[in-house]
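Undergrad: Spelled out, the chains give:
Number of protein chains: 4
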Amino acid sequence: MYAITLVIQCPDKKGIIADVTSFVYEQKGNIQYIDQYVDRENGAFFMRLQAELDEQLCSYQNFVSLFENQLANGYNMTWSHQPLNYKPKMAVFVSKYDHCLYDLLGRFKSGELGVEIPFILSNHKDLDSIAKAFEIPFFHIPVTKETKATATKQQLALLKEHKVDFVVLARYMQIVPADLIEVYKNKIINIHHSFLPAFPGAKPYHSAFERGVKIIGATSHYVTEELDAGPIIEQGVAQVSHNHSVSQLIAKGRDLEKMVLANAVKHHVEKKVLVYGNKTVIFT
Amino acid sequence: MYAITLVIQCPDKKGIIADVTSFVYEQKGNIQYIDQYVDRENGAFFMRLQAELDEQLCSYQNFVSLFENQLANGYNMTWSHQPLNYKPKMAVFVSKYDHCLYDLLGRFKSGELGVEIPFILSNHKDLDSIAKAFEIPFFHIPVTKETKATATKQQLALLKEHKVDFVVLARYMQIVPADLIEVYKNKIINIHHSFLPAFPGAKPYHSAFERGVKIIGATSHYVTEELDAGPIIEQGVAQVSHNHSVSQLIAKGRDLEKMVLANAVKHHVEKKVLVYGNKTVIFT
Amino acid sequence: MYAITLVIQCPDKKGIIADVTSFVYEQKGNIQYIDQYVDRENGAFFMRLQAELDEQLCSYQNFVSLFENQLANGYNMTWSHQPLNYKPKMAVFVSKYDHCLYDLLGRFKSGELGVEIPFILSNHKDLDSIAKAFEIPFFHIPVTKETKATATKQQLALLKEHKVDFVVLARYMQIVPADLIEVYKNKIINIHHSFLPAFPGAKPYHSAFERGVKIIGATSHYVTEELDAGPIIEQGVAQVSHNHSVSQLIAKGRDLEKMVLANAVKHHVEKKVLVYGNKTVIFT
Amino acid sequence: MYAITLVIQCPDKKGIIADVTSFVYEQKGNIQYIDQYVDRENGAFFMRLQAELDEQLCSYQNFVSLFENQLANGYNMTWSHQPLNYKPKMAVFVSKYDHCLYDLLGRFKSGELGVEIPFILSNHKDLDSIAKAFEIPFFHIPVTKETKATATKQQLALLKEHKVDFVVLARYMQIVPADLIEVYKNKIINIHHSFLPAFPGAKPYHSAFERGVKIIGATSHYVTEELDAGPIIEQGVAQVSHNHSVSQLIAKGRDLEKMVLANAVKHHVEKKVLVYGNKTVIFT
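As you go down the protein sequences, you meet chains A, B, C and D in turn.
The first sequence begins at 21 in my numbering and counts up one residue at a time.
The second sequence begins at 21 in my numbering and counts up one residue at a time.
The third sequence begins at 21 in my numbering and counts up one residue at a time.
The fourth sequence begins at 21 in my numbering and counts up one residue at a time.
Hint data in this document are derived by calculation from the structure and do not stem from the laboratory.
Don't take each hint at face value.
It does not matter which identical chain is meant; a pair holds if it fits inside one copy or across any two.
Derived BS3-like pairs: lysine-lysine, alpha-carbon spacing no greater than 27 Å straight-line [to be verified]: (1) K291 with K33; (2) K272 with K109; (3) K34 with K48; (4) K299 with K205; (5) K205 with K168; (6) K145 with K129; (7) K129 with K223; (8) K291 with K272; (9) K165 with K299; (10) K107 with K272.
On a predicted model such as this, the values are computed, not experimentally measured, just so you know.
Bound conformation, chain A alone (with noise of 0.2 Å):
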């Protein structure tokens, strides 16, 4: 036995579901969870489906050849598949905040996460000893304006040898180069430290309190290259008032920020975030 996730993104078209679900049905298999949805507005079907099969009736591989040939060829799907207990490598950026990367570990290591972590990069040398406490390999690459390249390849080298599935920048305080968010389109994952759309940039806190908002937020998205602008995958907020100084928003966003990141995290593992022009579905 085992289980498969599909998910799918295709032109809508009437009779789509009983196609999918027959098919799951034909090849013997139990649907576990199914979920879709249809943006009427363009006509856009997405569904995410898991289930359970048997290895002597329709092998995996078997399986995932004919719904190329019989559903997604006929129906233009977009779609993709991943074993149920395949753990995507992720890569972990950071800069000098150890916040998120210290939730992040301990979520990893609470087993909570279901990835593996082959590395944590940074361009300072700051966290390293976290790294080492978790007994994970760090990697220091510094990027200044002249060696922007040369980081840029040393990266993409990195992730290329250690099969990295997907990037996250836990306060990575740099813009990612558009090499590597071609590479890895949809696959970076950035917390940014507001509620956006108000407040992108550097300072948003600072932003906040000078506005004198009455709630601040955090919002996890992958990153393209407009700056702060990508699909939104999750967005958290938490109540301040005037009482608040921008040291103690910061304090406070800082549980918002390790909170809506590692969502945003668990969310893309279980490939539950489909991606559509410049927005997301979640399958939650």
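With chain A held as given, fit chains B, C and D onto it using these hints.
TA: Frame of chain A; chains B, C and D shown alone:
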């Protein structure tokens, strides 16, 4: 063209989603929304499906009887259906508190609830003028130890006469008689002013104050014979502090009660609530 | 016995709390609530104080003039006062949306708001019947490019005639003229249907939908000449998903708007809002 | 210059705020924060005050003894004080669950908690390696029916030896012996994995699942002899649905437990928690 909402419960069985969706497809229907849930532990299957069909190709009555014969019987389904544009008849029972009544009637007048309100019923005369202002018939049926049996009969007669589909207890401070519960099983919605199962009974805000909780709640549930123990439809909470007196808790709680009750009513009206055992599946 | 609420702003100075509280004590007053806040960066002091006094020992007028002479002048205070049982006169401006109006009037009738409502004013006739049902005078003042100047004069005349203390824009879809803002500085409360500063302008729910946010909000603020940029009083948020169409965002947002506006009104009525610069101190 | 935090409880009396603030002023002190609360029903007064003073004009010791003589005695105060920069010694008790421990240690290393951690103590060896990774001494004291008395003595000896100020039970799955509670009255912080008073006892997530609640919670409280009944410091909640299995409730609850416990610890460290009767006043 017409749209139909189906709600299904039955023992889980391989192929059921394929069978149901294929059935709709065969009647030339288009599935607009589909939600399903499987309780693996108890082997129970739940589905809510909304489909658009063509009166010419398959009439509403035809669809329903085909579904009954080809699917419902074989799968041993408990199921129900409703035309999308149907407006259920909702009776509102009140006593002296007016905040939930004002909230429901405001939403009703705004066209937000999707119901008809044939009448408001109360054991007191206090809220008669509100009913008048909103131009809804008001019946005053006092309930005392002596008149209880007669009152129940009068209530049942009114409900029958006006073909009431479901009843909302908008802070109705009386225990609903068993006869009425039996006729309207899982069709009487109550709002309890606490986060059940904490603080059941008559004075939950006083109990919450005594215990020094930091969060208060409200719970909307279907009425069963056991007091405050029916299937929960919706719950809401709000933060409080030592600074709140009992009367401030009550004031803060009013907003919770209004919101939670209104949401429960909307879920019920849209047939998004499925009751099984003493719990609910809510397809939101 | 009477109770008085004082609200104070002034430059911060050592000993100010001692001086104010000692002053109340010397007039044989009993402090019931005291809230204070110091903006250290700008050296600004804020206080809200509620005290109970004996008319025989120190009359309201006497207390006020003693305070002015002994404290307010020396500390260079901006301050105001209000008897605890005073019910401010609140005018409500609306256009065609009725949900905030129903909510405010329901709360008003329940005795929750602590105000009088001398009239409702609208640029359309649509909501006249609601005013009638709640037995509140309704004035229809259409606003077109040509009539704008006349309309402003009529509005000002009505506000003056009814001695209105503050104005609530309950989804009033018109830009408030500068003349009116000047007369009612920090006394016109608006509800904006987004989490400002995200999505200012006319169609925030459409913008939120476009951006694919996972949380929507509503913001209540004092009206200033710059649109949607006045001091924020209260904000609220709600979770949404890809599953929400624009019209569902709008529906969900209505509850936010009602709640946020009602809370802002209550804070204002209880003199819990202090404006400084473009921000607010809220003593809750 | 030094800063001191005072925490005061006493019977309410007219003029007390004036007296306390004037006292600070007379010692040439500057009040930075002041919070007060009066329980009118029980005539109880509560205050937390943070002031900055000049060592030359009034030493810490001098301030404290003057306060005791001039104010505390006369007003019959229960009071305590702490230098602002004091880092209390916090012992952490754990069993086998690691999520709260990882969270606390991450925050500790980030410098967020403002404590020292002299040791971690457990009745099991499982979490020894985490203590090692964070370079904190770990003591393993097994607790069985037979060894309970000895274990308590060992625990008390360790706490005394390390001059521990307060104890955090980070999912310590043992009942704390009365001897220890007596010595650390209102100084042992527990995290209970439910929204108390709903679901006390050992398996709250299972009970929550059975009851079909739509919201789960976590509660941090001081440990008293009666199980799960001590004064509540902080509570947090999260929405759940029928879709959550017991194990998913447990997973979702972990985040609540971490957050709620961390907030309770911070409040305690900053002396923002005042216990009276079986309730708390929290000055946040």
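Undergrad: All the hints need checking, so say for each whether the structure fits it.
TA: Hints, verified against the model:
no. : hint           : verdict
1   : K291 with K33  : both (23 Å within a copy, 26 Å between copies)
2   : K272 with K109 : between (30 Å within a copy, 23 Å between copies)
3   : K34 with K48   : both (24 Å within a copy, 8 Å between copies)
4   : K299 with K205 : within (14 Å within a copy, 41 Å between copies)
5   : K205 with K168 : within (20 Å within a copy, 53 Å between copies)
6   : K145 with K129 : both (22 Å within a copy, 16 Å between copies)
7   : K129 with K223 : between (32 Å within a copy, 24 Å between copies)
8   : K291 with K272 : between (30 Å within a copy, 18 Å between copies)
9   : K165 with K299 : neither (32 Å within a copy, 39 Å between copies)
10  : K107 with K272 : between (32 Å within a copy, 20 Å between copies)
Taken one by one, the earlier hints fail for this structure only at number 9.
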